[in-house]
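Model the full structure from these sequences, guided by the hints.
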Amino acid sequence: MNCTEIQHLLHAYFDNELDVVHTIEVEQHLAQCNACSQDHQDYQALRTAISTDASRFQAPELLQKRILSALRKESKTPARLFSRSWLSIAAALACALLAIWGLTSLWDTFSPTNSQANQVLSSHMSSLLANHLVDVPSSDQHTVKPWFDGKLSFSPAVVDLASQGFPCLVGDWITLITQRLRQLCTNTASILSISLSGRLSRGKGLA
Amino acid sequence: MQTSDQRLRFEQLILPHLDAAYNLARWLTHNDQDAQDVVQEAYLRAFKFFHSFRGGDSRSWVLTIVRNTCYTWLQRQHVDEIFDEELHDAECVFSNPEDLHIQRIEQGKITEALNNLPTEFREIIVLREIEDLSYKDISTIMHIPLGTVMSRLARARKQLQRFLAVQKNEEA
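So the sequences go chain by chain: C and F. For the first sequence, the residue numbers in numbering that gives the first Met the number 0 are 0 to 206. For the second sequence, the residue numbers in numbering that gives the first Met the number 0 are 0 to 171.
Since the hints were derived computationally from the structure, they do not count as laboratory data. All the pointers check out, no bait thrown in.
Restraint-style ranges between C-beta atoms, simulated for each label pair:
1) C:LEU96 x F:THR147: 48 to 58 angstroms
2) F:SER150 x C:ASN33: 20 to 30 angstroms
3) C:SER50 x F:GLN32: 18 to 28 angstroms
4) C:HIS7 x F:LYS135: 12 to 22 angstroms
5) C:GLU26 x F:HIS29: 36 to 46 angstroms
6) F:SER150 x C:LEU86: 44 to 54 angstroms
7) C:LEU61 x F:GLN11: 18 to 28 angstroms
From a predicted model like this one, the values you see are computed outputs, not experimental measurements. The beta carbon of each residue, even a glycine, is placed where N, CA and C say it ideally should be.
And the structure:
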């Protein structure tokens with residue numbers, strides 16, 4: 000081996016980290032080469048200087064006491080009722096339950112067995128098919144009612160919306176409808192009122 | 000939460016390395032109070048993660064945590080140097096090898112020279128020469144491959160010799 004290769008191994012040799020075969024090779028080289036041998040002696044001088052001069056700092060006694068007391072305090076601390084990991088698990092469970100509930104609701108909505116909900120949804124969807132929300136901008140009930148019948152497969156009934164804080168914003172014809180529907184049963188009122196509130200909030204009228 | 004059994008085990012296994020931990024922190028932070036704070040923080044962190052200690056060399060395990068805590072502290076102090084191994088090596092290449100032959104190193108000079116080394120060189124010298132750790136342990140603690148341990152030690156020693164030679168020349 001030449002000097003460059005020996006230099007590469009010299010530190011590992013010096014630190015006793017070299018395998019036997021390479022150790023012998025390095026020793027043979029050092030016996031013949033003054034430059035590499037000098038380097039090796041320099042590292043030895045450096046090591047001696049460090050071991051005699053550079054301090055190995057001792058931990059102050061107070062530090063050990065401080066750590067011991069902190070450790071004891073730490074291990075006495077009662078477990079928190081809701082640790083961070085438990086909170087994460089709870090949050091994950093809550094999300095999962097919400098997702099299941101949401102899916103179940105959707106399933107119920109689309110389920111063929113739930114015919115009433117299905118009817119309401121399909122009617123509502125069909126009412127949205129038109130590009131504009133107000134199909135019949137007329138206050139004539141003879142115009143409005145046939146249109147309404149064509150859009151919905153059943154007759155939804157509403158409570159008096161105006162008296163409940165939903166004043167009519169888009170024309171007399173809504174009043175006419177609501178007056179007419181008011182006389183009918185009220186168990187589906189919320190469905191229509193949801194539709195109404197959605198449209199009214201955009202100020203576009205009833206579809 | 001750690002039980003008192005775990006605390007006793009921790010005290011038996013990890014606490015005996017307090018001197019090694021403090022020594023490393025003391026060389027890296029350069030002062031007693033900061034070293035104490037860093038070691039205490041590191042020990043509490045070690046205790047917190049003691050359940051992850053799967054046996055093996057407890058000294059390397061705790062020194063790894065102490066070292067990481069030291070570097071976090073150094074970063075907070077904004078004293079972290081941008082360490083470029085090749086750059087530091089280049090400084091050695093251009094120095095005259097003859098100057099590096101130190102026959103006798105005066106007392107006190109080595110500490111000064113060590114304190115002037117870049118942190119990564121200083122810590123590897125401390126771990127190897129003062130703590131007498133193997134390349135494998137150093138590799139674990141410093142998160143570097145074995146080959147890098149060897150080459151970094153070589154560079155650190157050269158740089159140390161260079162500092163000492165400069166000091167010697169200044170005195171001459």
